[in-house]
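Chemist: Please put together the full structure from these sequences, using the hints given.
2 protein chains.
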Amino acid sequence: MTSEAHSMARVFTLHKTTPTGRSGTLETSHGTLSTPFFFPVATAGAMKGLSFEELLSVGAEVLLCNTYHLHLSPGEDVIEAGGGLHKFIGWDKPILTDSGGFQVFSLKNIRSISDDGVSFRSHRNGDEHFIGPKEAMHIQHALGSDIIMCFDECPASTAPRQEIIEAVDRTLRWAKVCKQEHEKLKQERGTSPLLFGIVQGGLEPDLRKKCAEELIAIGFDGYAIGGLAVGETEDEMIAVLKEVCPVLPENAPHYLMGVGDMGQIEQAIALGIDMFDCVSPMREARHGNIWLSNGEKLRMHRSEYIQDHSVIDPTSPSPLSKKHTKSYLHHLMRLGERYGETIACLQNMAVTLEAVKRIREKI
Amino acid sequence: MTSEAHSMARVFTLHKTTPTGRSGTLETSHGTLSTPFFFPVATAGAMKGLSFEELLSVGAEVLLCNTYHLHLSPGEDVIEAGGGLHKFIGWDKPILTDSGGFQVFSLKNIRSISDDGVSFRSHRNGDEHFIGPKEAMHIQHALGSDIIMCFDECPASTAPRQEIIEAVDRTLRWAKVCKQEHEKLKQERGTSPLLFGIVQGGLEPDLRKKCAEELIAIGFDGYAIGGLAVGETEDEMIAVLKEVCPVLPENAPHYLMGVGDMGQIEQAIALGIDMFDCVSPMREARHGNIWLSNGEKLRMHRSEYIQDHSVIDPTSPSPLSKKHTKSYLHHLMRLGERYGETIACLQNMAVTLEAVKRIREKI
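So the sequence lines, in the order shown, correspond to chains A and B. Note that numbering that gives the first Met the number 0 numbers the first sequence so that position 126 is 125, with each residue one more than the last. Note that numbering that gives the first Met the number 0 numbers the second sequence so that position 294 is 293, with each residue one more than the last.
The hints are simulated quantities; they were obtained by calculation from the structure and are not laboratory data. It is possible that some hints are incorrect.
Said to hold, decoys possible - With a cut-off of at most 16 Å between alpha-carbon atoms, the simulated EDC-like pairs for lysine to aspartate or glutamate come out as follows: (1) B:K321 <-> A:E52; (2) A:K322 <-> B:E52; (3) A:K322 <-> A:D307; (4) A:K133 <-> A:D115; (5) A:K86 <-> B:D307; (6) A:K47 <-> A:E283; (7) A:K322 <-> B:D91; (8) B:K322 <-> A:E52; (9) A:K321 <-> B:E52; (10) B:K86 <-> A:D307; (11) B:K322 <-> A:D91.
As the list claims (entries may be wrong) - Some chain B residues well away from chain A (every beta-carbon gap over 10 Å; in silico): (12) T12; (13) T16; (14) T232.
We treat Cβ as the ideally placed atom computed from N, Cα and C, and that holds for glycine.
Modeler: Here is the structure:
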């Protein structure tokens with residue numbers, strides 16, 4: 000057993016593999032997580048639509064925060080001075096931070112890209128910032144994240160093959176820098192966050208496979224699949240998972256980034272994915288799209304709900320949806336009342352967490 | 000004992016009168032309230048900034064909802080079909096509804112005023128509506144309110160004396176219609192909501208006194224003082240209370256409408272007021288003005304809080320303010336994150352409810 004393999008065995012324990020998926024446990028500095036699981040996304044250190052108390056009430060165990068947003072405001076220096084991200088936001092369970100790469104590339108305010116990183120303008124005030132692999136590690140260590148992501152280049156799903164080749168090569172070069180910097184920072188700080196590599200490669204099977212294999216050669220605590228759920232079809236996404244999952248080490252966690260559709264999550268778990276994050280349960284809820292526990296979806300803005308005094312979801316894992324009626328929720332959402340958002344967000348989040356939990360318990 | 004006095008004795012029991020105020024109990028169809036107390040305002044059937052669960056967590060016992068807003072959306076027919084306001088919004092403690100008069104007169108979309116009532120346009124979509132004393136009673140009975148307010152005319156505090164004379168006369172004529180219609184509706188429906196009269200009269204002592212005396216002659220379950228906290232000085236407000244409070248029956252509850260400043264509440268309680276409502280704790284919170292339990296006020300948007308990692312209020316009755324720091328709250332409010340609003344609103348509401356409770360317990 001190499002020291003890499005040893006390190007990974009300590010972090011992730013695979014309990015069972017069945018045709019419906021893998022079950023395991025992931026050890027972090029802030030507790031042990033049962034896999035598969037779903038990350039609620041607290042972009043700038045808070046949920047857009049729920050309080051942490053509400054989130055905890057429906058069984059959330061872990062949080063994803065965005066490095067890009069926290070770097071811009073309040074800045075990792077403020078958060079570090081405040082005792083780290085857990086203390087700053089008042090959340091003592093595990094936190095994963097993304098690397099900022101996705102936002103830097105998708106918000107399209109890039110000034111220049113070099114092998115050192117990306118110079119970009121803040122989407123808020125136009126201030127110029129620079130993040131590269133070293134900076135991404137420094138920021139995430141300063142935040143005190145439990146699971147740190149490598150800084151990667153995420154090309155558009157429609158990008159030509161040559162662009163994807165370059166993005167994979169840069170992602171791999173940056174992954175090496177991230178690993179090196181991460182090990183140095185762990186030593187210096189005496190902390191032990193996990194570092195995950197991110198497999199890029201668009202919809203090109205050979206590039207995905209190459210990226211995965213080279214990341215594995217570098218050696219990470221876990222492996223994420225990035226650059227999906229960005230406009231490709233479900234079949235195209237599943238084809239990538241079928242290519243990549245078998246390549247990933249069995250004794251490391253596999254994380255599919257940005258996928259929140261329950262049908263897709265179920266398929267991905269069957270293919271060997273252990274971790275998911277997505278803003279969609281909350282975003283859809285804020286737009287009035289309610290996911291019921293039986294799989295139905297309601298569009299609460301429709302006038303058919305004005306006089307529908309039945310409860311929102313009688314078998315909901317959210318107490319608010321068993322108590323309140325569709326008529327009341329319609330009324331609140333029509334007026335833009337915040338409590339409507341609370342009811343809707345708690346419903347979609349509760350249903351998502353519950354569905355993943357049910358899949359996990361059946362494995 | 001007349002039948003009026005008998006009815007009032009059943010509703011309100013005065014326990015004690017001291018130089019700091021009166022303590023008593025008010026019986027409603029949804030429970031008994033200890034006076035003095037403060038109404039959180041749930042305008043359209045929800046709080047602007049808090050969930051009912053959050054509101055209950057800081058000891059709220061009663062709610063004020065706005066007839067004007069609920070009449071426009073979803074309409075009392077929808078709420079009645081849904082089983083009444085308590086069931087519709089999921090709140091089983093007492094509810095007071097205002098009459099709609101204040102909104103009709105202050106939103107300045109009036110088309111015409113007659114002795115039957117006011118024709119006005121919705122502030123939302125311009126639809127024409129009509130509310131008079133009869134309509135105000137029908138709407139509030141349909142809502143299933145525990146405490147119903149007479150439809151009154153609330154003139155601007157700067158209005159000339161002649162205008163105030165006319166408003167008082169109209170308020171008194173409407174009060175008689177309200178009383179009659181209310182008694183009829185109680186009979187028809189077999190319900191027993193309370194009806195409060197509203198003393199108007201601007202800053203004119205004789206008009207205030209006249210209005211109070213004539214309302215008492217009609218006979219109500221409680222008496223409100225309206226048309227204050229609309230731009231007059233604190234001294235002017237206190238002068239009106241000193242004029243009106245001694246006139247009001249000792250064995251009926253006295254309600255000062257629209258006052259939320261704790262210093263003014265304390266003075267008003269000493270003068271014999273039992274009930275208060277105001278949107279200011281929540282509105283101030285949403286604007287970043289935080290009321291501490293020691294009486295200090297913080298403006299959270301100030302940059303001095305960027306690096307202030309002390310807790311918001313170590314002796315707060317809100318658990319969120321004992322847990323979270325000023326730095327975190329500043330960060331959330333700067334970004335417009337909703338959880339910042341939750342922390343701020345819960346703080347100001349908790350401090351207000353706690354302060355009134357402390358005064359009550361010391362009487």
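Chemist: Below or equal to 16 Å on CA atoms is what counts here, so check K47 (chain A) against E283 (chain A).
Modeler: 12 Å, holds
Chemist: Need the status of pair K86 (chain B), D307 (chain A): alpha-carbon distance at most 16 Å?
Modeler: Holds: K86 (chain B) and D307 (chain A) sit about 13 Å apart, inside 16 Å.
Chemist: Please verify whether K322 (chain B) and D91 (chain A) have alpha carbons no more than 16 Å apart.
Modeler: Distance of about 12 Å is within 16 Å: holds.
Chemist: When you check the alpha-carbon spacing of K322 (chain B) and E52 (chain A), does it fall within 16 Å?
Modeler: With a Cα-Cα distance of about 12 Å, the restraint between K322 (chain B) and E52 (chain A) holds, given a limit of 16 Å.
Chemist: Taking 16 Å as the top limit, are the C-alpha atoms of K133 (chain A) and D115 (chain A) close enough?
Modeler: 8 Å, holds
Chemist: Examine each Cβ of chain A, and state whether all of them lie more than 10 Å from the Cβ of T12 (chain B).
Modeler: 33 Å, holds
Chemist: Find the nearest Cβ of chain A to the Cβ of T232 (chain B) and say whether that gap is larger than 10 Å.
Modeler: 34 Å, holds
Chemist: For the pair supplied as a hint, K86 (chain A) and D307 (chain B), confirm whether the alpha-carbon distance does not exceed 16 Å.
Modeler: 13 Å, holds
Chemist: Decide if the proposed pair is consistent with the structure: K321 (chain A) and E52 (chain B), CA atoms, cutoff 16 Å inclusive.
Modeler: 14 Å, holds
Chemist: Below or equal to 16 Å on CA atoms is what counts here, so check K322 (chain A) against D91 (chain B).
Modeler: Roughly 12 Å between the alpha carbons, so the hint for K322 (chain A) and D91 (chain B) holds.
Chemist: Between the alpha carbons of K322 (chain A) and E52 (chain B), is the straight-line distance 16 Å or under?
Modeler: Since the Cα atoms of K322 (chain A) and E52 (chain B) sit roughly 12 Å apart, the hinted pair holds (cutoff 16 Å).
Chemist: Need the status of pair K322 (chain A), D307 (chain A): alpha-carbon distance at most 16 Å?
Modeler: 14 Å, holds
Hint compliance for this structure: every hint is met.
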